[in-house]
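K.L.:
Next come the chains, spelled out residue by residue.
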Amino acid sequence: MNRRTVTALVINDLRQLARNPRVLVFAVALPLVLWPLMWFLTSLTTERRQERIESRTYRYAVADPDAGAAEAADARMWLERAMAVIGDDGRADNAEPTDGPAVRFERVEAPDDVAAALDEERLHVHVAWEAGGEDLPGEEVDRETVGNAGRSAPRIVLSYRADLDASDSAEGFLRRALERTRTELREQRLAAAGFASAPADLLPLQRIETASEEQTSGLLLGRLLTAIIVMMMLAGGSIVATDALAGEKERGTLETLLTTAASRVEIVTAKNLSILAVAFATSVLNIVNIVVWMQLDLIAAPAGLKLAIPVGAGLLLLLLYVPAAVLLSSSLLLVSGRSKTYKEAQLLFAPVMLVAMAVAAIPVLPGVELRSAIVLLPIANLGVAAREILTGDYDWPLLAAAWAVTGGAAALLARASLRTLSAEKLITASELDAADLAGGPALFPRRVARWFAVLWALLLVWQLNIGGGIDSRLLISINMALFGAAAWLMISRYRLPVRETLSLRVPPPGAWLGVLIGAPAGLVLADGIVRLASLAMPIPEAWIEAMAENMGAGLPLWQMLIFFSLMPALFEEIAFRGVLLHGLKNRLTTVQLVLVAGIAFGFFHVDLFRIPPTSLLGVFLVVTVVRSGSIFPAMAWHGLHNALALGSARVEQIALPEQPIWWHYVLAALAILLAFRLMKRRTRAAFS
Amino acid sequence: MSTVQVEVQSLSKNFFDQSRGEVKAVQEVNFECRGSEIFGLLGANGAGKTTTLRMISTVLQPTAGTARVLGHDVVSDPVEVRRNLGFYSASTALYPRLTARETLTLFARVNKYPAERTRSRVEEMIERFGLGDYAGARIEKLSSGMKQKVSIARTVVHDPPVLIFDEPTVGLDVLNALDLQKAIQELREDGKAILFSTHIMSEAERLCDRIAIIDKGRIRACDDLEGLRAATSQHYLEDIFVHYVTGNDTTA
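Protein chains in written order, with the numbering used here: chain A, 11 to 698; chain B, 2 to 253.
In case anyone wonders, no lab produced these hints; they're calculated from the structure.
From the three backbone atoms N, C-alpha and C, an ideal C-beta is built for every residue, glycine too.
Misleading hints may appear alongside valid ones.
What the hints assert, rightly or not - Pairs of lysine-lysine residues, derived as DSSO-like cross-links and limited to a Cα-Cα distance of at most 30 Å, are as follows:
1) A/690 / A/595
2) A/690 / B/183
3) B/113 / A/353
4) B/142 / B/113
5) B/183 / B/142
6) B/25 / B/217
7) B/148 / A/353
8) B/148 / B/113
9) B/183 / B/113
10) B/183 / A/595
11) B/183 / A/350
12) B/142 / A/350
13) B/148 / B/183
Unchecked claim - Simulated restraints on C-beta separations:
14) B/67 / A/549: 57 to 65 Å
15) B/191 / A/325: 26 to 34 Å
16) B/146 / A/54: 20 to 28 Å
17) B/4 / A/364: 39 to 47 Å
18) B/172 / A/28: 28 to 36 Å
19) A/451 / B/207: 51 to 59 Å
20) B/67 / A/544: 32 to 40 Å
21) A/596 / B/219: 27 to 35 Å
22) A/463 / B/217: 55 to 63 Å
23) B/217 / A/514: 43 to 51 Å
24) A/364 / B/67: 46 to 54 Å
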């Protein structure tokens, strides 16, 4: 890559932007003023509204149809007491009395038509009462103190209009005052009935918070930081991204650029750098701007938020956000490259922003930790990582994993945006090629990754939200149904030949012996991988217990074998070693195929700690199909592997030793090699 | 005789279209172009001229066949091909907010012209194409004639040995078109190998040393004007063109 070329292209992009006064005004300068101004006006309006609510006089009316009834006396007493305290706690529930303006209630005559009076705001809240339930059994009480409350408590009915501010506020004030009075009456009655101590002293509660101020503030900032940064980066980056490819395409300058000696990589790198530079500059401008407004006390920071971040944590966050920034700029560039016009690009940015914001908001959710499947979700993983860093929790292996996952996704997107510079799509009317036109099996290899990406996303959402809370048999059945349905959909949608796609061939006889040797050896190696991975990511005890639980503890053996061995062996093999392998086999070399299809299988076990061993299993199963030319040995291996894993978990005698014995692994590796040798097909007709 | 600068062999390009199916835009095209030569591709709209030139400039990938520019293959060595190439067409626009001088500097840099000579080369181009009074003005403020001059200057600013002009006079008035033709002739005198496509007979007749008549993606004839006249017994290029494209003799 030529640095001079890239620099020239970046300077050109920035120069174009700097000389576009409309973009500068509307996309850069105006938000700088509008954002804090909106914030300022919102808090000002809220403050004013609160003052108005608290200083106005509310009109209420009381319907007293049966003034002589015992309940009426109770209700009147209750209402009077409530009216006496209404000015004290009008600001909020349980609030201390304040020096602020008191809430004033003015009684007016009860109208004939309550609804009309509320509608015309002659009345803000209407009070009525109804007879309560039967007398409660109990001892003699001092009626002078508690009135008739409890013996035949009346029901007070408040009528109001929730859509009218004054009426809604009046109801709120009155209801809270009545609730407070009810509590006081209840306490008085308990005391009168002989309750020894004050009710509040019954279960004394004291709260001691051990988090430091920095940790509490860090949690608040950590929850918001990623979403704010993503929003600012997208808002700033989109200014350049729209023009980067879509705008150039529309103007005709892209073809000029493509006929120069600048390589496609140089062009995409320059465009990404331009987007990043502007996104970074506008984000910094916005942050500085907001901080200045806060310093001038024109806007207030959220309660409990301190903007001070330790230098080390700040630098780590900066490093952490690099792949996220590249990912965002690449996605914007990709959208711009795929759009034919400036307007189309602007239109397509909306869903990108929505998705990015939804993912960036995940750290706000309670209970989401980095040491979970969330580490596999780009941007969200960095958001959760940032939150943990700001609360002083540095989980280094997982931080590295999150960085690598988002970095990998950024690289993939950058590569995809590079492909949009494929000239055919940019400058010719036809965007299709032979495979598009032919459709069916010819198109499938280009679509298979997309299908499995969607499937993975579905599985991730399902596992994160519902998966853990249901019966393991139902969970497996749904997962397998998902794989089966997806495989069937792909086969029918692309008219794939079933026998060839699923490698439904008779394997060489040695394959079965290979399976018998390979499956137990594979399990031993999987144990080795788990031990190796646990050096970086120690497996929590709770996880091991949950796994044992999920492995069907308490289920009859036949059910265990069906749900944990037979079903995965059938459905997962059809989906992964059948359809996925068929789609990828002509696009990758054998080594790439084994690694990609194998590791992809591991990633579909969205549990973080299961990914390493299941990836290894995936690799073995892909090799099995490639070597034998048939899916059947892979099904047998998978089924046997799972059955042995269940056995090792449930039968103590065959459990793996506490300490690893290295020669076990060497022996297992040799056994695997032997197994693959035995599987070798004799004819060339198989997996090709 | 000058050496071969552009060599095209059995070049083909197919497009795929939902309604029309497979479209064979260019089929088995062969020709070569030498230094100090203007080689014309003469054909009607949609004949395959632009697709051929876009394949040579590496913007499109050939479906089959090869094209080489100074020995560099358009598929395996596209950057070197483009480095030795200047591409001009009615659709290759300029950045409106750059000045003429900035435009020339940008294209010299992205075409990897030596850094130490860029400034003098840009000034030389400004002087040669008479842009001196407007070199500091933004492109969007220039007249169409001046824009066209800047376009030619940016095409040749990195001093490429091969130039492609794809229907360059489309949309130009007569005087601007004549200015452009004059500039192209001067570039031939500089020793450039020039590929020139047009559907205007008079232009091809006036400018081209050799002419290939292209129709439905195939080259029907390729020779100098005298050769074409001798082969068809027609005098005017228009009649020669009709002869090859329709197979009809237009003479009374």
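K.L.:
Are the hints correct? Go through all of them and say.
P.N.:
Hints, verified against the model:
At most 30 Å may separate the alpha-carbon atoms for a hinted pair to count; residue 690 of chain A and residue 595 of chain A meet this at roughly 18 Å. Between the alpha carbons of residue 690 of chain A and residue 183 of chain B the distance comes to roughly 71 Å, so the proposed pair goes past 30 Å and is violated. This hinted pair does not check out: residue 113 of chain B and residue 353 of chain A have alpha carbons roughly 33 Å apart, beyond 30 Å. About 28 Å separates the Cα atoms of residue 142 of chain B and residue 113 of chain B, which keeps this hinted pair within 30 Å; it holds.
At most 30 Å may separate the alpha-carbon atoms for a hinted pair to count; residue 183 of chain B and residue 142 of chain B meet this at roughly 24 Å. About 8 Å separates the Cα atoms of residue 25 of chain B and residue 217 of chain B, which keeps this hinted pair within 30 Å; it holds. With a C-alpha separation of about 26 Å, the suggested pairing of residue 148 of chain B with residue 353 of chain A holds against the 30 Å cut-off. At roughly 23 Å between alpha-carbon atoms, residue 148 of chain B and residue 113 of chain B fall within 30 Å of each other, so this suggested pair holds.
In summary, the hint linking residue 183 of chain B to residue 113 of chain B is supported, as the alpha carbons are separated by about 27 Å, within the 30 Å threshold. As the CA atoms of residue 183 of chain B and residue 595 of chain A are separated by approximately 56 Å, the hinted pair breaks the 30 Å bound. Distance hint between residue 183 of chain B and residue 350 of chain A is unfulfilled; the C-alpha atoms sit about 36 Å from each other, more than 30 Å. As the CA atoms of residue 142 of chain B and residue 350 of chain A are separated by approximately 26 Å, the hinted pair is consistent with the 30 Å bound.
Using a Cα cut-off of 30 Å, the hinted pair residue 148 of chain B and residue 183 of chain B holds, with the two alpha carbons roughly 16 Å apart. Taken as a hint, the range 57 to 65 Å holds for the pair residue 67 of chain B and residue 549 of chain A, whose Cβ atoms sit roughly 58 Å apart. The hint said 26 to 34 Å for the Cβ distance between residue 191 of chain B and residue 325 of chain A, and at roughly 56 Å that hint is violated. Remark: the range hint 20 to 28 Å for residue 146 of chain B to residue 54 of chain A is contradicted by a beta-carbon distance near 58 Å.
Remark: the range hint 39 to 47 Å for residue 4 of chain B to residue 364 of chain A is contradicted by a beta-carbon distance near 59 Å. At about 30 Å, the beta-carbon gap between residue 172 of chain B and residue 28 of chain A stays in the expected band of 28 to 36 Å. Remark: the range hint 51 to 59 Å for residue 451 of chain A to residue 207 of chain B is upheld by a beta-carbon distance near 54 Å. For residue 67 of chain B and residue 544 of chain A, the Cβ-Cβ distance of about 56 Å falls outside the hinted range of 32 to 40 Å, so the restraint is violated.
The supplied range of 27 to 35 Å is met by residue 596 of chain A and residue 219 of chain B, whose beta-carbon atoms lie about 33 Å from each other. As the Cβ distance of residue 463 of chain A to residue 217 of chain B is approximately 42 Å, the hint placing it in 55 to 63 Å is violated. For the pair residue 217 of chain B and residue 514 of chain A, the supplied restraint of 43 to 51 Å holds, since their beta-carbon distance comes to about 47 Å. At roughly 47 Å, the beta carbons of residue 364 of chain A and residue 67 of chain B sit within the given window of 46 to 54 Å.
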